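There are 2 protein chains.
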Amino acid sequence: MSQTVKAYGTKGADKPLQELDIKRREPNDEDVHIEITYCGVCHSDIHTARNEWHNSTYPVVPGHEIIGRVREVGSKVSRFKVGDLVGVGCMVDSCQECNPCKQDLEQFCEKGCTFTYNSPDPHLGGQTYGGYSTHVVVKEEFVLKVPENIDEKGAAPLLCAGITTWSPLSHWKVGKGDKVGVVGLGGLGHMGIKFASALGAHVVMITRSPDKAGDAHSLGADEVLLSTDEKAMQAQANSFDFILNTIPVGHEMDPYISLLKIDATMVLVGAVEPLKPFHGGNIIMGRKRIAGSLIGGIAETQEMLDFCGEHNIVSDIELIKMQDINEAYERVVASDVKYRFVIDMQSLKD
Amino acid sequence: MSQTVKAYGTKGADKPLQELDIKRREPNDEDVHIEITYCGVCHSDIHTARNEWHNSTYPVVPGHEIIGRVREVGSKVSRFKVGDLVGVGCMVDSCQECNPCKQDLEQFCEKGCTFTYNSPDPHLGGQTYGGYSTHVVVKEEFVLKVPENIDEKGAAPLLCAGITTWSPLSHWKVGKGDKVGVVGLGGLGHMGIKFASALGAHVVMITRSPDKAGDAHSLGADEVLLSTDEKAMQAQANSFDFILNTIPVGHEMDPYISLLKIDATMVLVGAVEPLKPFHGGNIIMGRKRIAGSLIGGIAETQEMLDFCGEHNIVSDIELIKMQDINEAYERVVASDVKYRFVIDMQSLKD
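Heads up: the sequence lines are chains A and B, in that order. Per this note's numbering: the first sequence ends with 350, consecutive numbering throughout. Per this note's numbering: the second sequence ends with 350, consecutive numbering throughout.
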């Protein structure tokens, strides 16, 4: 049993995104049927649309920063009712039985979680379709409550950029009194600054670009450190309790490792590719740590959204129409967005 | 005030080690004067003798795995008496005032600890001279008690190879029920296996060399995993709680990272040089960690020696005369030693 809805997607790596009809399952007892109002544009959407990770099955309908209103709930759904403001992030299902799932780490489900798009669809076959669409049907456990007091449009990127930066800050217990570096000022980095600042840390934006200083301060950074300024980098050597590294490509890590205190950690959240070699001595001296982090579990995502409600935190966004998506992709690739595009899904419904 | 004692050292990077007369300070109130009985041969000795780390000041007298008997104590020395069996490791002094020193992490002293050899000597000027010598004078705080029940000769390597492998196992709380990998079977690796096994872990020796399996089992490994066997590596993917990586040179890390469980750590203790690039996605998936570790603090070294006394743990060694040191260096470089050379210092006294 399925319904046909409007979406935007691509039929091949070299083809532009265009309007498509896709099928969504009829909601079952445990499902929430959501009318999508906004959807953020993540760089992963582009990697997948263009098959840059060599795992795309076409057509691809991207979008995993979904905000919407509940239109319908299955008979067993207890946490949501029609009209609720809700979100859906990068995952729509997981086995919920393995150790990682039981520890609220669905992103590391041993059987592989079902991603919001480009994952095998256990209901309709084929692959899952993401949030560049008018509607989506999602199992209750993977639907998040979005606080009504925060801006709906700006809330969309919280579902990926938000949780990706929140999770490591929360997991490594960043808080008051900590000196925290955020490397890279893009969709992820700007959320990292907002969160670390709201958590009470002394936040240092670390960037190659002097022209990002103004924005960094507006977003909550206490200092800006130019990674190209060797003297400034040297002056802050061994002084950071934690570094959130959002650089999305392979890069030299030694300069950032040198900034860490004894026993301090740098977490990589962006560079899903080979890194440049670093010097073993740089982590051996000072017992330093390099770690990774991938989005976050569902419970942790809810915790992040609740925190955003309390602290009135959303992403800085630029609202676009669905029809402008191909141009937006070019601008994301050129790092020309402050700091996240969000699609107004009304434009697809009109 | 100084005394002249016999030592073995080198006057240049390309010169063999030979007998030298060196000066030791007359012990002051806080000093312990030690008659050296045995000294281990560490690969660092060779790097320094040959100026391979580009920081050697000649003459270099290596040796930081020192065992001896107390010959004389200063008037303020309270923990040692004449005749005690004692050890000296890689450090002979530190500021003892900075934060790392106050936290028993003298190896990370902010002012720089005084290493046992090739460090500026605050007492006599010039540089410190290590344990390839008949006597040494060391500040009480940097002298370790060696349990009388363990073999003196085998105890020497505990002062560097021992603490280097003990410290990360202790810091990351390796114990019963943990699956621990030890990568590399040399001076460090063979101690790692002994310690991890004595701590109750399930120990897997990870090596490229099938011919090391017999020794690994004798040393306490429960399993041997050939890193060249892709199927075997795949079968153990995501299953290790902790990996102690003793490889002394830059190497591919991805195969070992793949073995780690979610949130598990691989600690590097050997590769004080540039590592090969690893894939960011490999630590991002599973929130894995790579960390470094450098020898250990003085309190931790004492804890390790006490543990060795309780569990009767020493290094497997090959005893040599001081005069055989140049040949021994060639064999260390060729990895032809099981598992540590120890110099019988009587040979220098005869």
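Please keep in mind that the hints were generated in silico from the structure rather than gathered at the bench. Be aware that one or more of the hints could be misleading.
Identical copies go unnamed one by one, so any copy, or any two together, can satisfy a pair.
Said to hold, decoys possible - List time: in silico DSS-like cross-link candidates among lysine-lysine, alpha-carbon distance up to 27 Å:
#1 K176 / K23
#2 K231 / K145
#3 K23 / K11
#4 K102 / K23
#5 K102 / K176
#6 K212 / K23
#7 K23 / K6
#8 K176 / K153
#9 K76 / K153
#10 K349 / K231
#11 K261 / K6
#12 K23 / K173
#13 K261 / K102
#14 K321 / K153
#15 K15 / K349
#16 K111 / K261
#17 K261 / K173
#18 K11 / K212
#19 K11 / K261
Here the structure is a predicted model, which is why all the values come from computation and not from measurement.
Between copies, within a copy, both or neither: which fits K15 and K349 at Cα up to 27 Å? within (23 Å within a copy, 82 Å between copies)
For the identical chains here, do K212 and K23 meet the 27 Å Cα criterion within one copy, between copies, both, or neither? neither (43 Å within a copy, 58 Å between copies)
Given identical chains, is K231 near K145, meaning Cα to Cα at most 27 Å, within a copy, between copies, both, or neither? Cα proximity of K231 and K145: none, with 46 Å in one copy and 44 Å across.
At most 27 Å between CA atoms: does that hold for K176 and K23 within a copy, between copies, both, or neither? neither (48 Å within a copy, 52 Å between copies)
At 27 Å max between alpha carbons, let me know whether K176 reaches K153 within a copy, between copies, both or neither. neither (29 Å within a copy, 50 Å between copies)
Tell me, please, which holds for K23 and K173 at an alpha-carbon limit of 27 Å: within, between, both or neither? Neither: 42 Å inside a chain and 51 Å across chains, both beyond 27 Å.
Regarding K102 and K23, is the shortest C-alpha distance of 27 Å or less found within a copy, between copies, in both, or in neither? neither (31 Å within a copy, 65 Å between copies)
Cα distance capped at 27 Å. Does K23 pair with K6 within a copy, between copies, both, or neither? within (9 Å within a copy, 87 Å between copies)
K111 and K261: within-copy, between-copy, both or neither at 27 Å Cα: Classified as between; 15 Å across copies, 37 Å inside a copy.
What label fits K102 with K176 when the C-alpha limit is 27 Å: within, between, both, or neither? Classified as between; 23 Å across copies, 30 Å inside a copy.
If the cutoff is 27 Å on CA atoms, where do K11 and K212 land: within, between, both or neither? Let me know, please. neither (37 Å within a copy, 54 Å between copies)
If the cutoff is 27 Å on CA atoms, where do K321 and K153 land: within, between, both or neither? Let me know, please. within (12 Å within a copy, 77 Å between copies)
Hints 1, 2, 4, 6, 8, 9, 10, 11, 12, 18, 19, counting from the list given before, are not met by this structure.
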